[in-house]
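Dock chain V against the given chain Z, drawing on the hints supplied.
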Amino acid sequence: MKVREVIEKALEWLLVFLMSVLVLDVLWQVISRYILSSPSSYTDELAGFLLIWVGLFGAAYVAGKREHLAIDLLLQRSSKKRRFLLEITISVIVIMFAIAVMIIGGSWLVYTRFFLSVKSAALGLPLGVVYLVLPISGLLIVYFDIDNICNFIKNNSEN
Amino acid sequence: MEYLGVLVLVLSFVILLIIGVPIAFSIGVSGILTMLVSIDIIPALTTFSHRMATGLDSFALLAIPFFILAGNIMNRGGIAIRLIDFARVLVGGIPGGVAVVNVLANMLFGAISGSAVASASAIGTIMQPEMKKEGYSENFSAAVNITSATTGMSIPPSNILIVYSLASGGVSITALFLAGYIPGILTGIGIIITALTMLIYKKDGTKAAIKGLGFIALIITSLLLLLKGIIFSKATFSDGVNKIMLIISLSVFCVWFIFKTIKNKERAVEGARRLLDAIPSLFMLVIVIGGILAGLFTATEASAIAVLYSLILAFIYREISFKDLPNIILRSVKTTGIVMLLVATSLALSWIMAYENIPQNVSRSIISLTDNPFMIMLLINIILLMVGVFMDMTPAVLIFTPIFLPIVTALGIDPIHFGIIMVLNLSVGLCTPPVGSVLFIGCSVANLSIDKVIKPLIPMFISMVVVLLLVTYIPEIALWLPKSLGF
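Chains as they are written, first to last, in my numbering: chain Z, 1 to 159; chain V, 1 to 487.
One chain only, chain Z, in its complex shape:
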């Protein structure tokens, strides 16, 4: 298996796991309130953090598959050459966003939260750990999209 396939498979299992935990967490919140009649204090906070993780890791996964919603009118009406150039431009813009906001901005955010040692209210989890998802999913997007660009170039030179 190629490196990319291994990463994608691992990401898939991570996402399925996180989503299942998310469902169980909220169900547990209802059960603990009505059946055990002792509302748990941490499910609410955990659910919010898990949603950030599922949302951003999911976004990185979908970005690798190039399945984010886009207007592909211009792409469809372009010649092969222009299409190739457009695809590369799009990938480069996505990579730049991922590097600037998710990796640089995200790492800075993680660093300051660790530096200030901010902890979450109920779980006592360092917020830096929660926000780590930003730079990690940024890295994943960059990796996937560089790989996609390589594939475009390879396909283009074959034709």
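It is worth saying that the hints were derived from the structure and are not from the lab.
Mixed in with the good hints there might be a few duds.
To be verified - For the chain Z half of the interface with chain V, some residues (derived, Cβ under 8 Å), not all of them:
#  : residue
1  : Val26
2  : Asp44
3  : Leu46
4  : Phe49
5  : Ala59
6  : Glu67
7  : Val94
8  : Val101
9  : Met102
10 : Gly105
11 : Trp108
Unchecked claim - Subject to a maximum C-alpha distance of 20 Å in a straight line, what follows is the list of computed DMTMM-like cross-link-like pairs (lysine to aspartate or glutamate):
#  : chain 1 : residue 1 : chain 2 : residue 2
12 : Z       : Lys81     : Z       : Glu158
13 : V       : Lys334    : Z       : Glu67
14 : Z       : Lys65     : Z       : Asp25
15 : Z       : Lys9      : V       : Asp324
16 : Z       : Lys119    : V       : Asp57
17 : V       : Lys334    : Z       : Glu158
18 : V       : Lys483    : V       : Asp371
19 : Z       : Lys65     : Z       : Glu8
20 : V       : Lys452    : V       : Asp57
21 : V       : Lys323    : Z       : Glu12
22 : V       : Lys263    : V       : Asp277
23 : Z       : Lys2      : Z       : Asp147
24 : V       : Lys455    : V       : Glu138
25 : V       : Lys483    : Z       : Glu158
26 : Z       : Lys80     : Z       : Glu158
27 : V       : Lys132    : V       : Asp451
28 : V       : Lys452    : Z       : Asp72
29 : V       : Lys334    : Z       : Glu12
To be verified - Just a few of them, taken from the derived set where beta-carbon distance is under 7 Å, the chain V residues facing chain Z:
#  : residue
30 : Ile18
31 : Phe25
32 : Val29
33 : Leu45
34 : Thr46
35 : Asp57
36 : Ile220
37 : Pro326
38 : Lys334
39 : Thr336
40 : Gly337
We treat Cβ as the ideally placed atom computed from N, Cα and C, and that holds for glycine.
Chain V in isolation, oriented as in the chain Z frame:
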């Protein structure tokens, strides 16, 4: 200087969209560029990523992935076919019934799931071949399925109303859900009338639309007359007369029903069996909406329970095995990833817009154009319709709610009412290219290319816009139900 931010924002966003950069990234990049007009680069990047992360950290938003997951389970779990059977028993017998069944099944699916995409694919997969077998044109069938799937956006539970509640700064989700029922049902009725008119005149184009409009106008006037009549009768006759009229009409209906049942016993038995079969699926409605209304749990908790209940149903109907689960979850996570990145970047963008005072500037320029409430609502509707064509519903709601809501509340319009207007409005955009998720899924389950479906879609769009205008200018349509239940 005041307009530099707006200029950078709009220009960069339009260019990125046209090139074909995914919408979520277009929003993000143009947001960053707008920020750089007034903020240094490192604080800008950090703030943007912070806004993205904290934007997602919301318990209300959690309902979205859960309703997506529940929709995907229902899609596979044999619930769709039972709803279709139920609809067939109710309306299958009338002329053009299969088209009506399609609309009604989509409305029922919308009433138990929060996603129009799941509805269009679940109902369309079954109804498309069936309508073809009955001799309906494929393009027409797909158009009926696509437009009627959007009724699920206003009929609760609805993901987009949850997004609106977030964007509007906490309008009650329960009140929004209640307000969505009648407009959603009206949209469905509008589509049914248009579809039947198209069938009667066997025309796809605008001619049918004009005739359909005539019918809608006729029915609305007769309904209004009926309403006036009821009010009039209350004023002059005693209560007893009304009661006697009600009893007479009910007993006539009962006699007719019993007569019908005795006449074709087999069909009645079959019908009863199908109705009973659909009850567990429809019970979802009671659990989710009933639970929220009774205050037993929040919308988010209801959505998690919807996941659990749809799983139980799917296992009982024996349509899903444990091995299928990871795949269903992964598909839901993918949709969640798409929606959540849109939510994250849109929320960061609307923070920047607020920082740059863009909403105030826009509302000032709209109010300087006209101060007639009627015209302002028309203007906002037209802008939103155009936005809906080029933008997905979620970012459109997140970006334009903070801009328009202050204007309309200043005009005295209820935020609940405006939410429904917005959703009905952007629902039209779900069925138009170049960005129409329901259109795409509807065409792909029907194996049709998009350009073929456009022609029969046009009359349906007109009926959707007519309902939109009705809901816009008659606030009671949306507000009556939540108001009468005390919201």
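Check your understanding: Out of the numbered hints, which ones does the structure contradict?
Key -> When the structure is compared with the hints, numbers 3, 14, 17, 18, 20, 22, 25 and 36 turn out to be violated.
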